[in-house]
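Protein chains: 2
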Amino acid sequence: MGYCINHPEIETRYLCMKHNIYLCEHCLECRDPDIYCKFRSSCAIHFISKKGFDSKTQKSLSKEFSVVFLPDDVRIKIPKGTTLLEAAQKADIYVNASCNGQGSCGKCRLILESGTLGNKPTSLLSDREKENGYMLACQTKIADNIVIRIPEETLEKKLKTAGMGVDATQNLAGLVQKFDPMVKKYTLKLEPPTMEDTVSDLERLKRNLRRAKCDTVKMSSGIRVMRQLTQAVRQDNWKVTASVLQKKCSLELVDVRPVSQEEKSLGMAVDIGTTSIVVYLVDMQTGEVLSAASGHNSQSSCGDDVINRIVCSEKKGIKKLQKMALSTINNLAQRALASLAQSHKNIENITISGNTTMVHLLLGIDARHIRREPYIPTISEFPIIKARNMGLKAAHYAGVFVMPGPAGYVGGDIVSGILYTGFHKKADITLFIDVGTNGEIVLGNNEFLMTAACSAGPAFEGGGIRWGMRAEEGAIEKITLNSETFEPDYITVDNKTARGICGSGMIDLLSEMHIKGVLGQDGRFRINPGHPRMTVFNDESAFILEFAKNIDSEEDIIFTQSDIRSLTLSKAAIYAGFTVLLEEVGMDFSMVDQMIITGGFGQYLDIEKAITIGLFPDIQREKFRYMGNSSIAGAYMALLSNTHRQQAIKISDSMTYVDFSSSTRFMEEFTKAQFLPHTESKLFPSVTRSYLNSPYLN
Amino acid sequence: MGYCINHPEIETRYLCMKHNIYLCEHCLECRDPDIYCKFRSSCAIHFISKKGFDSKTQKSLSKEFSVVFLPDDVRIKIPKGTTLLEAAQKADIYVNASCNGQGSCGKCRLILESGTLGNKPTSLLSDREKENGYMLACQTKIADNIVIRIPEETLEKKLKTAGMGVDATQNLAGLVQKFDPMVKKYTLKLEPPTMEDTVSDLERLKRNLRRAKCDTVKMSSGIRVMRQLTQAVRQDNWKVTASVLQKKCSLELVDVRPVSQEEKSLGMAVDIGTTSIVVYLVDMQTGEVLSAASGHNSQSSCGDDVINRIVCSEKKGIKKLQKMALSTINNLAQRALASLAQSHKNIENITISGNTTMVHLLLGIDARHIRREPYIPTISEFPIIKARNMGLKAAHYAGVFVMPGPAGYVGGDIVSGILYTGFHKKADITLFIDVGTNGEIVLGNNEFLMTAACSAGPAFEGGGIRWGMRAEEGAIEKITLNSETFEPDYITVDNKTARGICGSGMIDLLSEMHIKGVLGQDGRFRINPGHPRMTVFNDESAFILEFAKNIDSEEDIIFTQSDIRSLTLSKAAIYAGFTVLLEEVGMDFSMVDQMIITGGFGQYLDIEKAITIGLFPDIQREKFRYMGNSSIAGAYMALLSNTHRQQAIKISDSMTYVDFSSSTRFMEEFTKAQFLPHTESKLFPSVTRSYLNSPYLN
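So the sequence lines, in the order shown, correspond to chains A and B.
Numbered according to my numbering, the first sequence spans residues 1 to 698.
Numbered according to my numbering, the second sequence spans residues 1 to 698.
A few of these clues could be false.
For identical chains, the list gives no copy identity; a pair is met inside one copy or between any two copies.
List of simulated lysine to any residue pairs, SDA-like, C-alpha gap at most 25 Å [said to hold, decoys possible]:
#1 Lys248 - Asn208
#2 Lys218 - Lys650
#3 Lys425 - Ser343
#4 Lys682 - Leu569
Derived from the structure by calculation, the hints contain no laboratory data.
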């Protein structure tokens, strides 16, 4: 034994016979002399051959490195050349990575605690950050055994978005009148066979199902149920529970068990969003939501928006993304089940609501043409699928209903929203908006349904905003500025130390800055650069929301000129969408009777301020309704009732999709809406700027 | 090194430290001192511990033996305690074992060439056989490394039963008028999507299917086809072939591929008999039978009849039998495909015809109650099953139609027979008999169908008959006796050296013996025991059909008093069945317009002789029709046409099953029919005995 010539603190048994020096395992593993080995690779090879490493050891030495992720001490072996982001994904650690590893969002910041890494230069990290060991996970390849710390702001935290917990489900009570699940249960007492009554077990069961008004002519049965039948009917003295799955035009006998083995029948409603996934577990007898769970869609590490996800699926295969979404859902279901002390085998009905890309990827269906003109999805109306065929943990025969979606950029989540809010059954003209990454709009009533997507981008969900984040712990969700000093006063989600700013906080901030003169109508800073809150980041002006020292951070929480630009573009896209969609049917805002807003804002969404920045139209405030997560609510309704499932299909079929991507009218309106609140201020008569002649303003 | 104290010819390194003697590996393996080890097991154990065998060696030493099967030199490792029959099954060597290993049929004779075996005493082997190393495979447990020779008569040979080859299929031409397979193909040219026509890929396909008269409202689609859709429609410039599986009340889109990847569509008709399995490969466009293959149902090693098979499935699990049947079918299909140079992926349609037990076991469905009063099958009408779900090698989406069967002992093979012979559509009264192991009878016309099974037993298929065999190479299938000397003159299948006697041969023989006075009307030998052809076997009189010396065998081919008894019981059961079934509807033989005989006899079935022994009624000879394997013919019809599949279901539904198992009338008639030809000789006016006063007769 001796001490490594490169790492004198490490005792090692590897002696180079040629040079008569010791090298530690790290040095033997590292073939790149430029990184830290003082001896050439030829030495290491010589070494290995002299010491007679077996081929297995040699292979593992030359190929794999160990990575430790702190604070949770997650350990993983990783082949050389893997990026840190890929390593984190493999270790099931969900780090923010809005841009899908392109090195453009700067969110996947990790800190190197020990070991050496070769990382590409980036302008997204400040010099101080670089000095402190910060690096972008997606830009860093592993070539050493390393220890990595994941900073607070990079780790994904518990979601606190409105409308996701069981407490939000009280609105659902009474929504469904008659329960009619996909898997219908029949409890039957069969007549035991005699020499005079020798029909087969299956025929005997069918006879009794017919008496219970089940249309057995349309009924088939799977091989699994045929195999269990003989024992099942006899075990409990011919008393059985038969489960029949209702498909589009046929029935399938999916389970037969002795009546004594009957268990609680659960349903699961799933809202699969690009950002987050929500799961409800429902008692199929009472309709009660027994438990709920929500979490980040673990596909997030492949990019914030659907386009990035599709690109990722094309590059790395759909299966990768499918697996990520499935594991998120299965884990959430497991968590919700654990709180009920129930097994996944009791889940017999599942409904899934999500945008077109999300459901395609979840089902492993090619989504590539959604992002290419003319933007065609593979499927719009899905058949009833068996849970086991798509990888969801549930009863093996559980039926899955996927909410249909009318277009590539208007999906089942919007159909769910219509189903839940019910405006498709009323004469009132409704303008419906789901503010997510895409900004889907529906205009209509009981006579027509027009829809469009307006590429709002993920700004309101924190994407593309330097300190933007979702409505998680520590997100600034409400903010006011002092009219004179512009000192901010804010509230964070759960009153935790500020970690960033979420959608409702950004609307507040933009509105305050606009009203109070910090910004001009063109969205540019009017405030004096010498203001104590002003700083410069990457050659841009930026407003400091919170100083690093107050929040025990390396960096101030800032709001840059680029962030303002991103938000302004988003709000302009949505407003332009409203305008052009109304125009399509010869209407204007004055004819709108109701304005429904859904989506994952924080609970403090301030409609008034949203109007102030020109996101929503300046119409009577009582016309506005914020309805939280309408996608999961619609999924819940479809879970319990075939009427609602059929209605969803009808809604989807009756929606007319308007494509804005090549509309010059949309581009005109979009350009006009990029002012605060709008180039035509007469459209926003109630918005007045109230700023004083502050010494800080130019 | 030293020499084993038990086997002085073997050099060994295993020295017992305690006794200071050498033992070879064989001795160490053998823990049973009574068999051949002179040293107690305690010594062997002592040995192993002293020499420090590693646990793996010790385990293998104490657990496995090598068995070599000649003449094909098949080698296999077998745990101690396994029977030779089980070893042969594991090695995929199909030895005759009519009684399912109960030690009662004496057919699984094997010859020990080297090594030692501990076998139970049996009266089924002659002393000479025992001396020559013969043993019953099912009664012999392996406790040594051994070499076994499989004698000619034990190995199963190529079937030559009538109606199984392609040459027998000429009768099928023109049987099916309109082809309507389960999997229907649509070749379509879709319109490429545009910004004005943005429906999803699936909706676009459905639109075109609707134009091609496919009822897409009833159509669902599996997840697999949804996953392949996007690429499939675009690959060949929107020209596709869509395959739609027609189920009972719904359709399923099962495959979409670019038109250039379209391949020949094949169908497979399978007749799964208790004894043998026949496979036809059919061109689904022309209806032509392209190739055929037949072989033994490899379940045969679990017993000759359905009862033994059910018992075996209860003891050893259904999966074992299911696997045997599946591998037989898959192997036959492979053979048939090879002759066409086609892949199993081209098989898109499959029909299966078999008795109720066979199809239950093939599908892995519990059959145990078929053998218990009131004899209830699990399923009588089967849904369309996917080939992949049942383990058949075919296109993954291939549909499988299983012929429905009305009762536990009257199955889909009989329904197939009716479908093929078509008497259910005519006014003529038909009596239909399938002489297999069970003897199923149908009486009826276009107004009624009565059916019964009469437990004839497997005698006509060679079961329970010492030299009985199926119509394979070397089976005596035609035989006459010299009227004076009683010297036999016979023909064998393929003119090969005689190996035994098959059904048609036995009918000939029994008839000859009866007519010529060798037997009395009671079926007992009247011939002088001193006749050169007479011998004694197991204390019974027996007639020598062929001397051992003429056929290079250890044993004469004989026909014993027990064999005659078995045959007489079988023919009596069938005749009694006819009588009682006619009685049930107030009819007698004179009212029968047509008598159809099907089943696996050799090609020389002599109706006249069958009447002579009282198997068939003494009615006009022109009423008889022998129709070969009607089960496969019916399966062929159902393969091509939905009309025929639906007709099969109707036939099965309309059949009334009469149970003979507790019928006193059947027992009375059965007893009366045990004479040759019958106790009431007036029932057989045309049968006269022609024997001379031979000096050999008592």
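The hints, checked one at a time:
Both within a single protomer and between protomers do lysine 248 and asparagine 208 lie at most 25 Å apart by alpha-carbon distance, with minima of 23 Å and 20 Å respectively. For the identical chains of this complex, lysine 218 and lysine 650 are neighbours both inside a copy (23 Å) and across copies (16 Å), given an alpha-carbon limit of 25 Å. Proximity of lysine 425 and serine 343 under a CA criterion of 25 Å is satisfied in neither setting, with 38 Å inside one chain copy and 55 Å between copies. In this assembly of identical chains, lysine 682 and leucine 569 lie within 25 Å of each other by CA distance solely inside one copy; the values are 20 Å within and 106 Å between copies.
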